[in-house]
Amino acid sequence: MNEIKENPAEELSEDMKVLDDVTSSEYKWGFVTDIESETAAKGLNEDVVRMISKKKKEPEWMTEWRLKAFRYWLKMEEPKWPNVEYPKIDFQNISYYSAPKQKPQLNSLDEVDPELLKTFEKLGIPLEEQKILSGVAVDAVFDSVSVATTFRETLKEKGVIFCSVSEAVKDYPELIKKYLGSVVPYTDNFYAALNAAVFSDGSFVFIPKGVRCPMELSTYFRINSQETGQFERTLIVAEEGAYVSYLEGCTAPIRDTNQLHAAVVELVVLDNAEIKYSTVQNWYPGDKEGKGGIYNFVTKRGACRGKNSKISWTQVETGSAITWKYPSCILQGENSVGEFYSVAVTNNMQQADTGTKMIHIGKNTRSTIVSKGISAGKSNNSYRGLVRIGKNAEGARNYTQCDSMLMSDRCGAHTFPYIEVENNTAKVEHEATTSKVGEDQIFYLNQRGITSEDAVNMIVNGFCKEVFNNLPMEFAVEAQKLLAISLEGSVG
Amino acid sequence: MLSIKNLQANVDGKEILKGINLEVKAGEIHAIMGPNGSGKSTLANVLTGNKSYEVTGGEVFFESKNLLEMDPETRAREGMFLAFQYPIEIPGVSNATFLKTALNEVRKYHGEEELTPKEFLTMLKEKAKVLGMDETMISRYVNVGFSGGEKKRNEILQMLMLKPKFVLLDETDSGLDIDALKIVSSGVNIYKNPNTAFLVVTHYQRLLNYIVPDFVHVLYKGRIIKSGTKELALELEERGYDWLIAEQAEVV
Ligand SMILES: Nc1ncnc2c1ncn2[C@@H]1O[C@H](COP(=O)(O)OP(=O)(O)OP(=O)(O)O)[C@@H](O)[C@H]1O
Ligand SMILES: [Mg+2]
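Each protein sequence line maps, in turn, to chains A and B.
Using our numbering, you'd call the opening residue of the first sequence number 3 and step up by one each time.
Using our numbering, you'd call the opening residue of the second sequence number 2 and step up by one each time.
No lab work stands behind these hints: they were computed from the structure.
Keep in mind the model is a prediction, meaning the values are calculated, not measured.
Wrong hints could be hidden among the right ones.
[Said to hold, decoys possible] Straight-line Cα separation of at most 30 Å, DSSO-like style, residue types lysine-lysine; simulated pairs:
#, chain 1, residue 1, chain 2, residue 2
1, A, K467, B, K193
2, B, K193, B, K183
3, B, K126, B, K164
4, B, K109, B, K130
5, B, K52, B, K193
6, B, K126, A, K467
7, B, K6, B, K19
8, B, K15, A, K467
9, B, K52, B, K15
10, A, K467, B, K152
11, A, K44, A, K172
12, A, K438, B, K183
13, A, K438, B, K130
14, A, K44, A, K77
15, A, K160, A, K77
16, B, K66, B, K6
17, A, K380, B, K193
18, A, K180, A, K309
19, B, K52, A, K290
20, A, K467, B, K130
21, B, K126, B, K193
22, A, K438, B, K152
23, A, K70, A, K172
24, A, K158, A, K278
25, B, K166, B, K6
26, B, K109, A, K467
27, B, K128, B, K166
28, B, K66, A, K467
29, A, K359, A, K278
Just chain A, same shape as in the assembly (with noise of 0.2 Å):
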């Protein structure tokens, strides 16, 4: 007998201990880390704005693009199209700036004060390099501010910058003012004008021509403070021939206030280039009445500017109160590809109100869309996307698949496609399917054994595997753990 090729010893494992690791159905994230912070009083007003950037050293040509974004702020109204409900947010009454005391140098991590470290190291997250296994990166941003970010060094020899954006703003500012809202202008949306004003840190990452970069990349971010907006901001480039897998993770801890977040992503991709982005967003959703929970209002975007370049997107979203987000991919460049993979999972009272933008403009862009939606308790689900083929984008190609799962009777999934075509050589297709996680998959499985909770974390898992493929391996095994958390409880 051959041996077997595809060998599912490892996956197989990996596999089993997220089945086993589910133990107990609390946020597990939701620990408050008791450390003196800096956080500016409540409100919103030109001086916060002029704070902001004074607190970061920021340089006059930064304060200006802040202030000129804060008064195109005043201006906007905030979108009411998606398929959410909320109570009005009073802008006033969050504070904008939150940062631990005496932040460190970031000239080696013994500088980082230990009760961070101890806070990232609860989260799975060690920062000191030794501990470091898989070769990771990581920036890990604590409220307002970047903390710490590992293996600077080793990415330096290859020309790799990482590094959190307040530093490029004072390092690398040429680089900043050619990409800095090149791709999310402030003028872009309600959300994104806020972030402009008042965005405190975030991560920066640049690989330059014909580089790639030698380990994955990754920003953790973490809210502590109570009633503090987290606004960060990431701009990612990859020049020429470059290649970087980044992955970002989010938790917040348990509040019964909600708390607004909303970021901004940029991604710029040259000739030949490829930024893979991957998202396991976990905020704190909030209890089962719907108490308390972050509002996740983002704008990410990518712009293919280079032939044959790249941006592929992975999202697996279990937490928040309300998401709102549409990674987005401005196909330029002739055979540019653009790619969206989502897991979007919501429970009890949760809201998500997601998917993605394909905007094709150049000749022969290809673009594919995976969303697998994943409703359970009372929780509204929706999938938004919009397919964009631009008349001179010949030969364009789109194929969307759209799996909704539902796990209850009293949650609701919705599909909204936008689908506008202006170039006849293009070719775009559309599925989309519903199921309830079917009683006789269930039984099939207890009659083997196992759980109807284990049953139905095994049929989720299986449901969400063409995306869950997409993700690196460790992200992976977080993903599964988070769902099968997630719905912990559900089966009924």
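The hints should help you fit chain B with the ligands onto chain A, whose structure is shown.
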């Protein structure tokens, strides 16, 4: 081993099983035959605890434990196994992942160590070989895109892995070609031992040439209307069910 007394059950409020009595001892093979819709699969589902079937009367003891009080996974862990008439597809879950989870659940229940992935795979490959199954089936998703015959073999593979005490085969022979029938039967014969018992549901005497029953029962409209030895199956093959039904009508 299994003792069924006056078992009655409803599906969707409709009475399907109307009082089944059956004793199965360790080491025995019982065949159940009967026209379509007579309640054979219903019996199998009731015994394994499918919640879509409502037990309305009677009792069942499995090794002197009250079977009807156990949830389906406990029954499975105690050693009840059903080879489904229509095996279910689980997209995205590999056969190996599924089987390893199931096997470790059963082992845990009996206080045994979990198998390492390597031990598990060695065992799985060995059993697959016995059934002449292509190894790619191990990493394929559970029953997805399997042919009818492959699904049935996959059920028997699961039986060989989980080593149950009491096996219900619900028309495992349907959809199998002659060679597959022989292989599947030999799988059952290799497995059967003095501590296991089988309840084999089938429409065809042919299967019973390979899996030789100690007893044959005829189920009709939710009741066992005749029991006999393997010769009864031959008689049914020849004469059909009408004569039995007629006999039954006279009795009533
Ligand atoms: N889930 C169900 N919903 C409604 N009716 C059902 C269901 N399951 C079984 N029945 C009905 O119960 C009766 C017995 O069905 P069952 O499947 O037990 O028969 P069977 O003896 O296995 O038949 P076959 O030889 O065709 O497999 C049939 O009339 C069938 O329609
Ligand atoms: Mg049947």
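Evaluated hints:
{"no.": "1", "hint": "A:K467 with B:K193", "result": "violated, 37 Å"}
{"no.": "2", "hint": "B:K193 with B:K183", "result": "holds, 15 Å"}
{"no.": "3", "hint": "B:K126 with B:K164", "result": "holds, 15 Å"}
{"no.": "4", "hint": "B:K109 with B:K130", "result": "holds, 26 Å"}
{"no.": "5", "hint": "B:K52 with B:K193", "result": "holds, 29 Å"}
{"no.": "6", "hint": "B:K126 with A:K467", "result": "holds, 24 Å"}
{"no.": "7", "hint": "B:K6 with B:K19", "result": "holds, 11 Å"}
{"no.": "8", "hint": "B:K15 with A:K467", "result": "violated, 39 Å"}
{"no.": "9", "hint": "B:K52 with B:K15", "result": "holds, 15 Å"}
{"no.": "10", "hint": "A:K467 with B:K152", "result": "holds, 22 Å"}
{"no.": "11", "hint": "A:K44 with A:K172", "result": "holds, 27 Å"}
{"no.": "12", "hint": "A:K438 with B:K183", "result": "violated, 38 Å"}
{"no.": "13", "hint": "A:K438 with B:K130", "result": "violated, 36 Å"}
{"no.": "14", "hint": "A:K44 with A:K77", "result": "holds, 21 Å"}
{"no.": "15", "hint": "A:K160 with A:K77", "result": "violated, 44 Å"}
{"no.": "16", "hint": "B:K66 with B:K6", "result": "holds, 14 Å"}
{"no.": "17", "hint": "A:K380 with B:K193", "result": "violated, 49 Å"}
{"no.": "18", "hint": "A:K180 with A:K309", "result": "holds, 20 Å"}
{"no.": "19", "hint": "B:K52 with A:K290", "result": "holds, 28 Å"}
{"no.": "20", "hint": "A:K467 with B:K130", "result": "holds, 28 Å"}
{"no.": "21", "hint": "B:K126 with B:K193", "result": "holds, 20 Å"}
{"no.": "22", "hint": "A:K438 with B:K152", "result": "holds, 23 Å"}
{"no.": "23", "hint": "A:K70 with A:K172", "result": "holds, 20 Å"}
{"no.": "24", "hint": "A:K158 with A:K278", "result": "holds, 20 Å"}
{"no.": "25", "hint": "B:K166 with B:K6", "result": "holds, 20 Å"}
{"no.": "26", "hint": "B:K109 with A:K467", "result": "holds, 27 Å"}
{"no.": "27", "hint": "B:K128 with B:K166", "result": "holds, 18 Å"}
{"no.": "28", "hint": "B:K66 with A:K467", "result": "violated, 40 Å"}
{"no.": "29", "hint": "A:K359 with A:K278", "result": "holds, 16 Å"}
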